[in-house]
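Chain residues, written in single-letter form:
Protein chains: 2
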Amino acid sequence: MSSSAEYIEEYKRVILPSTISENEDKVLCKGDGVWVWDEDGKKYFDAASQVSMVNIGHNHPKLISWTRKYYAKAAREKIITSSINTDCYARSFLTVDGERMEISPPGLQRRLAQHTFGPENTICFPDVTGALGANDALRYFRTVTGRPYWLTFEKAFHGRHGEARDSSDSNPIHWNEAERDHHAYRLPYPETKEGLKACLEKLKSLNLKVFSYLLYEPVQGEGGGMRVGRYIKEVEDFLKTEGVYSISDEIQAGMGRCGEWFGYQALGLNPDAIVLGKSLGVIVPVSCFVLKKGINDLYNFPHGKISGTFPGYNAGMAAANFVMRIYEEEKIVENARNLSPEFGKMLKNAIEPYDILNLHNMRLPSLKVDGIGLYRSIKFYDKNGIPDPKMRDLVNLKLRELGVWTYPASKSFPAIRFTPPLVSTQADLKFLTDAIYQATRILYQS
Amino acid sequence: MSSSAEYIEEYKRVILPSTISENEDKVLCKGDGVWVWDEDGKKYFDAASQVSMVNIGHNHPKLISWTRKYYAKAAREKIITSSINTDCYARSFLTVDGERMEISPPGLQRRLAQHTFGPENTICFPDVTGALGANDALRYFRTVTGRPYWLTFEKAFHGRHGEARDSSDSNPIHWNEAERDHHAYRLPYPETKEGLKACLEKLKSLNLKVFSYLLYEPVQGEGGGMRVGRYIKEVEDFLKTEGVYSISDEIQAGMGRCGEWFGYQALGLNPDAIVLGKSLGVIVPVSCFVLKKGINDLYNFPHGKISGTFPGYNAGMAAANFVMRIYEEEKIVENARNLSPEFGKMLKNAIEPYDILNLHNMRLPSLKVDGIGLYRSIKFYDKNGIPDPKMRDLVNLKLRELGVWTYPASKSFPAIRFTPPLVSTQADLKFLTDAIYQATRILYQS
Numbered sequence: 460m461s462s463s464a465e466y467i468e469e470y471k472r473v474i475l476p477s478t479i480s481e482n483e484d485k486v487l488c489k490g491d492g493v494w495v496w497d498e499d500g501k502k503y504f505d506a507a508s509q510v511s512m513v514n515i516g517h518n519h520p521k522l523i524s525w526t527r528k529y530y531a532k533a534a535r536e537k538i539i540t541s542s543i544n545t546d547c548y549a550r551s552f553l554t555v556d557g558e559r560m561e562i563s564p565p566g567l568q569r570r571l572a573q574h575t576f577g578p579e580n581t582i583c584f585p586d587v588t589g590a591l592g593a594n595d596a597l598r599y600f601r602t603v604t605g606r607p608y609w610l611t612f613e614k615a616f617h618g619r620h621g622e623a624r625d626s627s628d629s630n631p632i633h634w635n636e637a638e639r640d641h642h643a644y645r646l647p648y649p650e651t652k653e654g655l656k657a658c659l660e661k662l663k664s665l666n667l668k669v670f671s672y673l674l675y676e677p678v679q680g681e682g683g684g685m686r687v688g689r690y691i692k693e694v695e696d697f698l699k700t701e702g703v704y705s706i707s708d709e710i711q712a713g714m715g716r717c718g719e720w721f722g723y724q725a726l727g728l729n730p731d732a733i734v735l736g737k738s739l740g741v742i743v744p745v746s747c748f749v750l751k752k753g754i755n756d757l758y759n760f761p762h763g764k765i766s767g768t769f770p771g772y773n774a775g776m777a778a779a780n781f782v783m784r785i786y787e788e789e790k791i792v793e794n795a796r797n798l799s800p801e802f803g804k805m806l807k808n809a810i811e812p813y814d815i816l817n818l819h820n821m822r823l824p825s826l827k828v829d830g831i832g833l834y835r836s837i838k839f840y841d842k843n844g845i846p847d848p849k850m851r852d853l854v855n856l857k858l859r860e861l862g863v864w865t866y867p868a869s870k871s872f873p874a875i876r877f878t879p880p881l882v883s884t885q886a887d888l889k890f891l892t893d894a895i896y897q898a899t900r901i902l903y904q905s
Numbered sequence: 460m461s462s463s464a465e466y467i468e469e470y471k472r473v474i475l476p477s478t479i480s481e482n483e484d485k486v487l488c489k490g491d492g493v494w495v496w497d498e499d500g501k502k503y504f505d506a507a508s509q510v511s512m513v514n515i516g517h518n519h520p521k522l523i524s525w526t527r528k529y530y531a532k533a534a535r536e537k538i539i540t541s542s543i544n545t546d547c548y549a550r551s552f553l554t555v556d557g558e559r560m561e562i563s564p565p566g567l568q569r570r571l572a573q574h575t576f577g578p579e580n581t582i583c584f585p586d587v588t589g590a591l592g593a594n595d596a597l598r599y600f601r602t603v604t605g606r607p608y609w610l611t612f613e614k615a616f617h618g619r620h621g622e623a624r625d626s627s628d629s630n631p632i633h634w635n636e637a638e639r640d641h642h643a644y645r646l647p648y649p650e651t652k653e654g655l656k657a658c659l660e661k662l663k664s665l666n667l668k669v670f671s672y673l674l675y676e677p678v679q680g681e682g683g684g685m686r687v688g689r690y691i692k693e694v695e696d697f698l699k700t701e702g703v704y705s706i707s708d709e710i711q712a713g714m715g716r717c718g719e720w721f722g723y724q725a726l727g728l729n730p731d732a733i734v735l736g737k738s739l740g741v742i743v744p745v746s747c748f749v750l751k752k753g754i755n756d757l758y759n760f761p762h763g764k765i766s767g768t769f770p771g772y773n774a775g776m777a778a779a780n781f782v783m784r785i786y787e788e789e790k791i792v793e794n795a796r797n798l799s800p801e802f803g804k805m806l807k808n809a810i811e812p813y814d815i816l817n818l819h820n821m822r823l824p825s826l827k828v829d830g831i832g833l834y835r836s837i838k839f840y841d842k843n844g845i846p847d848p849k850m851r852d853l854v855n856l857k858l859r860e861l862g863v864w865t866y867p868a869s870k871s872f873p874a875i876r877f878t879p880p881l882v883s884t885q886a887d888l889k890f891l892t893d894a895i896y897q898a899t900r901i902l903y904q905s
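Going down the list, the protein sequences come from chains C and S.
Going by our numbering, the residue at position 429 of the first sequence is 888; the numbering climbs one at a time, nothing skipped.
Going by our numbering, the residue at position 402 of the second sequence is 861; the numbering climbs one at a time, nothing skipped.
Bear in mind the hints are in silico, worked out from the structure with no lab data behind them.
No false leads were slipped in.
Since copy identity is lost for identical chains, a pair holds within one copy or between any two.
Capping the alpha-carbon separation at 27 Å, the derived lysine-lysine pairs in DSS-like fashion look like this:
1) Lys-532 - Lys-485
2) Lys-528 - Lys-489
3) Lys-528 - Lys-502
4) Lys-501 - Lys-485
5) Lys-537 - Lys-889
6) Lys-502 - Lys-537
7) Lys-537 - Lys-790
8) Lys-528 - Lys-501
9) Lys-532 - Lys-502
10) Lys-537 - Lys-485
11) Lys-471 - Lys-752
12) Lys-521 - Lys-537
13) Lys-699 - Lys-752
14) Lys-528 - Lys-485
15) Lys-521 - Lys-489
16) Lys-521 - Lys-532
Sequences are here, hints too, so could you generate the full structure?
This is the structure in structure tokens:
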């Protein structure tokens with residue numbers, strides 16, 4: 460048995476199953492920029508960016524170098540590195556490449572404020588995982604409004620714990636479907652005009668005074684396979700007239716993924732708060748609830764309502780501050796913006812013979828490109844136009860062979876997500892889309 | 460305004476309030492072993508170990524050195540450092556001080572198994588925060604038993620998110636008391652024989668077939684101010700005959716805090732699973748759900764039920780593996796075990812004139828030492844024997860002056876917790892208890 464096979468065998472014996480595919484037979488050991496390697500030495504383009512957690516690429520030289528400087532300073536000057544920041548104040552400073560960085564929650568707020576609600580209007584609460592950040596946001600709005608119910612969308616995914624889980628429309632993550640919290644009310648996702656109509660009709664049938672907020676993904680990544688919420692703006696505007704706030708879940712869609720800093724900006728939305736995660740920390744878990752000031756007086760929100768052991772922890776603040784600075788210095792968002800339209804076209808060209816628009820009436824398998832920015836998917840339909848996960852799995856397997864690392868969107872959902880690192884070049888995206896062209900050829904044979 | 464005062468002013472303006480005291484006026488900037496420093500250069504003995512997250516002390520030389528080696532190897536060989544491990548397998552190796560360490564979830568399992576249920580009988584699921592680890596455990600047992608209800612104790616604290624929050628008996632963490640999940644049923648904590656009797660009576664009045672497990676803290680840290688569950692064993696034994704499992708929350712009580720590796724061992728308990736957090740990661744958030752094998756067939760537990768973005772993330776596995784090795788090499792638990800009885804005596808001597816046993820009938824303020832191991836508290840009662848938070852706050856303030864860093868247990872609870880780092884020496888504990896002696900003198904004057 461190979462060393463990787465032995466490892467996987469041991470892993471399955473001693474670690475409870477999570478979401479790693481039961482058929483997975485590779486073990487990754489190396490990552491450099493847009494590339495990852497398995498233990499057999501095979502190299503792959505990371506077309507998943509590990510589901511948007513590695514937007515700046517693997518082992519970004521600055522992130523690793525500054526992290527090394529951080530721990531070198533800890534060894535030398537004993538700056539505080541333990542995971543404290545909710546029972547006491549703690550901060551440190553690190554001068555790298557000519558800038559004296561303040562490693563602290565306000566240090567992070569200063570950077571985030573520039574790209575969200577502005578320096579004077581941005582309140583933050585850094586937490587650890589995206590779900591926890593979402594919970595903080597949801598608890599904030601429920602507390603300050605006193606309204607117990609909230610709105611989410613069908614096929615939403617916001618995380619696996621607490622209110623974020625209750626907001627998600629995904630069966631496996633509930634211990635038992637009957638046990639859901641029924642304060643989350645699900646609306647049709649306004650991807651199309653018809654969706655918008657259905658959504659507004661539902662809303663008009665409700666007593667909206669009991670709802671505190673709408674939680675949305677600008678683009679539905681996990682559950683929707685990159686459905687774009689093109690008409691969320693109309694829903695948001697309608698709800699504002701009823702005193703219902705809105706929160707944009709930017710855990711996957713944010714941090715440049717949609718071609719702007721945040722998904723809500725790419726779609727021209729107007730949320731009262733956003734939630735960040737994933738690519739904010741890259742090497743360690745960091746999330747952030749970012750709130751527009753003036754929504755409610757900050758001091759109405761009681762002490763102790765949101766907290767925890769690790770919110771604002773030092774190594775997390777270091778990583779997030781470093782990542783934000785890398786975004787700024789390396790113009791990560793600009794690169795994503797520049798590549799976005801081209802990437803859409805390249806994907807469409809790669810699947811051209813299967814394009815759903817061309818072939819839908821010809822009774823051949825058909826494929827459809829969805830999403831925006833570098834946040835895309837290809838969806839697979841059989842010759843009757845029925846979603847076909849088998850086609851998806853075949854193509855996914857072939858992509859692996861061709862050196863492209865991807866994940867199917869979910870067990871049943873007929874999509875492969877393509878979320879290349881935002882530091883990709885046009886040549887990288889050509890490598891990827893050439894592979895997609897080749898991989899989809901196998902559908903002729905099946 | 461001093462730089463610290465400016466920082467705190469900015470913090471309050473831009474960061475939502477968590478559990479930092481509204482009166483806190485110090486900013487920590489340096490930590491070395493058992494000591495921390497504020498920005499004015501004042502040095503404190505960390506008698507809180509930042510609420511048991513820094514059991515091995517601040518900036519432990521091996522932890523910082525090995526972490527530096529980890530990132531140096533990342534720079535050199537591009538070992539994978541991004542936060543992946545739930546959608547694919549990833550591991551790395553690092554040779555430090557003659558040992559080739561496997562940085563991976565099974566690598567952590569191997570170390571934890573030695574000290575819990577044994578190499579052949581230990582299943583793990585690493586997660587990020589203690590609350591998330593508890594949620595994983597709770598979801599596991601609810602899923603495999605199919606029983607919707609569970610048991611917890613009055614004054615319990617298990618975390619602030621999801622089922623862990625529902626298990627906690629703490630008002631401020633619920634957005635609204637009326638909105639609690641009522642599947643968690645609260646029992647009297649069996650601290651005393653009377654408590655045990657009350658607990659068993661409650662249990663006998665219930666249909667236990669609907670309960671999946673009992674979740675307990677061996678010692679109630681947060682809510683109970685170090686109440687010791689001396690009779691949990693009897694409750695656990697009784698429940699086992701009814702098919703109700705038990706889970707020990709070792710987030711604070713574990714990792715040597717009670718003088719043994721885990722609190723359940725210090726009290727001779729027999730849980731089916733434990734949950735770790737806090738001191739398992741020290742510099743980054745890492746938790747772990749540790750399950751006794753054979754409880755249920757592992758493969759009955761479906762894929763996708765527990766997962767997330769960060770469980771098993773690489774930097775977390777590095778930190779937890781390093782920490783476990785430091786515990787082993789430096790005999791951290793043995794040191795805690797050796798210091799434990801002496802620490803209890805020293806605390807009792809320090810408050811002797813106020814000892815509740817001596818003075819209760821004399822109508823003077825009285826103090827009581829609670830807890831076990833290096834997991835202790837002093838509780839404050841006025842001359843009528845009524846819990847007195849004001850006395851507590853006076854003593855806490857005086858301790859700060861004397862160079863001791865502590866936190867009150869909660870706004871209303873009349874205790875100060877003393878959880879010195881497990882790397883303390885007898886001299887350190889003498890410094891601490893001398894300060895306590897001095898600080899409690901002020902009660903004469905009030």
